[in-house]
Amino acid sequence: MKFKAGVKVTLKEGVLDPQGVTIGRALSDLGFESVIGVSTGKLFELEIDAESEAKAREIATEATSKLLANPVIEGYEIEVIR
Amino acid sequence: MKIGVVIFPGSNCDYDAYQAFKMIEGNKVVYLWHRSDDLLGCDAVILPGGFSYGDYLRSGSIARFSPIMKKIIDFASGGGYVLGICNGFQILLESGLLPGAMIKNSVLRFACREVILRVETNNIPILSGLKKGNLLRMPVAHGEGNYYADPDKVSELETGGRVVFRYVDKNGVVTAEANPNGSINGIAGIINERGNVLGMMPHPERACEDILGSADGLGLLRSLCAASG
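Same order as they appear, the protein sequences are chains U and Z. Quick note: the first sequence, position 71, residue 71 per my numbering, numbers continuous. So my numbering is basically just the index in the second sequence, starting at one, shifted up by 1000.
Rather than coming from a laboratory, the hints here were simulated on the basis of the structure. There could be a bad hint or two in this list.
As the list claims (entries may be wrong) - Below, simulated SDA-like cross-link-like pairs (lysine to any residue); rule was C-alpha separation at most 20 Å, straight line: (1) LYS1002(Z) - ASP1037(Z); (2) LYS66(U) - ALA1149(Z); (3) LYS8(U) - PRO1099(Z); (4) LYS12(U) - ILE1184(Z); (5) LYS66(U) - ILE1184(Z); (6) LYS42(U) - TYR1056(Z); (7) LYS8(U) - PRO18(U); (8) LYS42(U) - LYS1070(Z); (9) LYS12(U) - LYS1153(Z); (10) LYS55(U) - ARG82(U); (11) LYS66(U) - PRO1067(Z); (12) LYS1022(Z) - ASP1043(Z); (13) LYS1153(Z) - GLY75(U); (14) LYS1153(Z) - LEU16(U); (15) LYS42(U) - ILE1184(Z); (16) LYS1070(Z) - LYS8(U).
To be verified - On the chain U side, residues computed to face chain Z include the following (Cβ under 8 Å): (17) LEU16; (18) GLN19; (19) GLY20; (20) THR22; (21) LEU27; (22) LEU30; (23) LEU67; (24) ASN70; (25) ILE73.
C-beta: ideal position from N, C-alpha, C; glycine also.
For reference, chain Z alone in the conformation it holds in the complex (with noise of 0.2 Å):
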């Protein structure tokens, strides 16, 4: 499995994402730069979380007219995966890959926690190897993770079982003191109607060891990795 890894000026879990996907077993791991429009035949692309160009204007607004993104959207619409993590997910949805925006935290603060998802779905085939219904602790860190779209399309991506991750509470349910930035439904991660591009606000990349405190992503990340193979 061939996996590329983007790096936009301001990312800065590039190298997280790479490390832990080196991990997995029979992968190979490639840095796509930004500037450059040649996806190097990889199998899939990691959107890195970070503070693409500062964030400036809105954060993933800049990035998403990045030569890089214009090859990646022509790869999302051939079926190719694609994972957007943090400032990943925000490109991907400036970017139209994924519906909704982002806005600032509900609460006052940047969140830098851990929390606690919900799979909401195993459905897919980037999903397949997760549990429904299992409890996945990772970290979070951002400021814009409040994710909003128009009610008619927030009911459109629950239905169509597109809300992929819900923040949660230790027993599973969602919760307003679970929820670190006031997200709608406490949605905290999504798909497309194809189901091959995955945006998050948490970081699994952050969470594949347990010395790091959870090794809980590392299953997301080889889930990710069997679909595209």
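Looking at chain U on its own, in the form it has when it is part of the complex (with noise of 0.2 Å):
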């Protein structure tokens, strides 16, 4: 069966974004003051062949930890549908 994993990657609490900072900035020079705050990350698809889905979410899960995400700074999600 295929399944697709939503990977979202984002850097964890504490770790600083300077891409979301400097966006939150011109977000802020584009006069959108209603925004405070902007963090970053990266989304990845993977299209799995498995035989189930709680299988299709094992390998999402072990391709992110190795490969994906960087677990010093990284945390992750994983959502996988049919």
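From these two lone chains plus the hints, build me the complex, please.
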């Protein structure tokens, strides 16, 4: 069966996000004064051929912890759909 | 002394490193291809600067899975000397040979300039040819050199004498202006617990001849060669 795993990787709390800060400043310059914070991250979509949703999640989790995210600075969330 | 300089797709300081190590008498320098799994009997391995695999995903994150890196991790675990410069440092962090990670420079720009490094220790063979407290001038060229580790790890590095180079001003003082990337505590280079794996963002190999503006890097390369001999 084919599954799609959406992997969202973001910086851990407390890790400086220079891109987010810069984008936040640009938004403020554009008049978006109500936007008081921006953080950046990455979104990966994995297509996975696996026998079950649980197996697909296991594969996505292993791939993420091994390569897609750096556990020193990043955390992740994984969503699996058929 | 046989020195191996690794070439990854996107390495661009490999020839500089080759040339610099070749200037040191008694050295034989060879290139090590990233697809190879043979260190050719080298006494020390250099991971040069550049943009391995285009810096895709994260700097150094793809290079760490090259066939040659498996051998280098074994080599380092056995006490072999490994020096990672710039992108090479990032690869050492990604591979877990050194602790921490790099994040983007805090200063909104690629840092391409000369910096001054203060030698924080010469208490280990790899740095025994240097003098503690000496100031070394050499260039940096990176977009992600902002060293980060969690506070416990940073204090472990600091108390263990494992921060070996720090960005300072011309008076040898750590200041925000002297720091090109926002790196925590002005950290420019660290060493592993065993003292055989050194990572640094500045480029000693680009500061080995007066005509290049500084020859301060040569002492470091000599020290590494003497240690691996």
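Consistency of the hints with the structure:
1. LYS1002(Z) - ASP1037(Z): 17 Å, holds
2. LYS66(U) - ALA1149(Z): With Cα atoms ~19 Å apart, LYS66(U) and ALA1149(Z) stay inside 20 Å; holds.
3. LYS8(U) - PRO1099(Z): 24 Å, violated
4. LYS12(U) - ILE1184(Z): 16 Å, holds
5. LYS66(U) - ILE1184(Z): Status violated; Cα separation ~26 Å.
6. LYS42(U) - TYR1056(Z): It holds: about 12 Å lies between the C-alpha atoms, which stays within 20 Å.
7. LYS8(U) - PRO18(U): 19 Å, holds
8. LYS42(U) - LYS1070(Z): Violated, because 27 Å separates the two Cα atoms, which is more than 20 Å.
9. LYS12(U) - LYS1153(Z): This hinted pair holds, its Cα atoms lying about 16 Å apart.
10. LYS55(U) - ARG82(U): 12 Å, holds
11. LYS66(U) - PRO1067(Z): 16 Å, holds
12. LYS1022(Z) - ASP1043(Z): 14 Å, holds
13. LYS1153(Z) - GLY75(U): Holds, at about 18 Å.
14. LYS1153(Z) - LEU16(U): Satisfied, since the Cα-Cα distance of roughly 17 Å is no more than 20 Å.
15. LYS42(U) - ILE1184(Z): Violated: LYS42(U) and ILE1184(Z) sit about 24 Å apart, past 20 Å.
16. LYS1070(Z) - LYS8(U): Not OK: LYS1070(Z) and LYS8(U) at ~28 Å, beyond 20 Å, violated.
17. LEU16: 6 Å, holds
18. GLN19: 6 Å, holds
19. GLY20: Violated - the Cβ of GLY20(U) stays beyond 8 Å from chain Z, reaching only about 10 Å at its closest.
20. THR22: This interface hint holds because 6 Å falls under the 8 Å limit.
21. LEU27: Violated - the Cβ of LEU27(U) stays beyond 8 Å from chain Z, reaching only about 15 Å at its closest.
22. LEU30: Violated - the Cβ of LEU30(U) stays beyond 8 Å from chain Z, reaching only about 17 Å at its closest.
23. LEU67: 7 Å, holds
24. ASN70: 5 Å, holds
25. ILE73: 5 Å, holds
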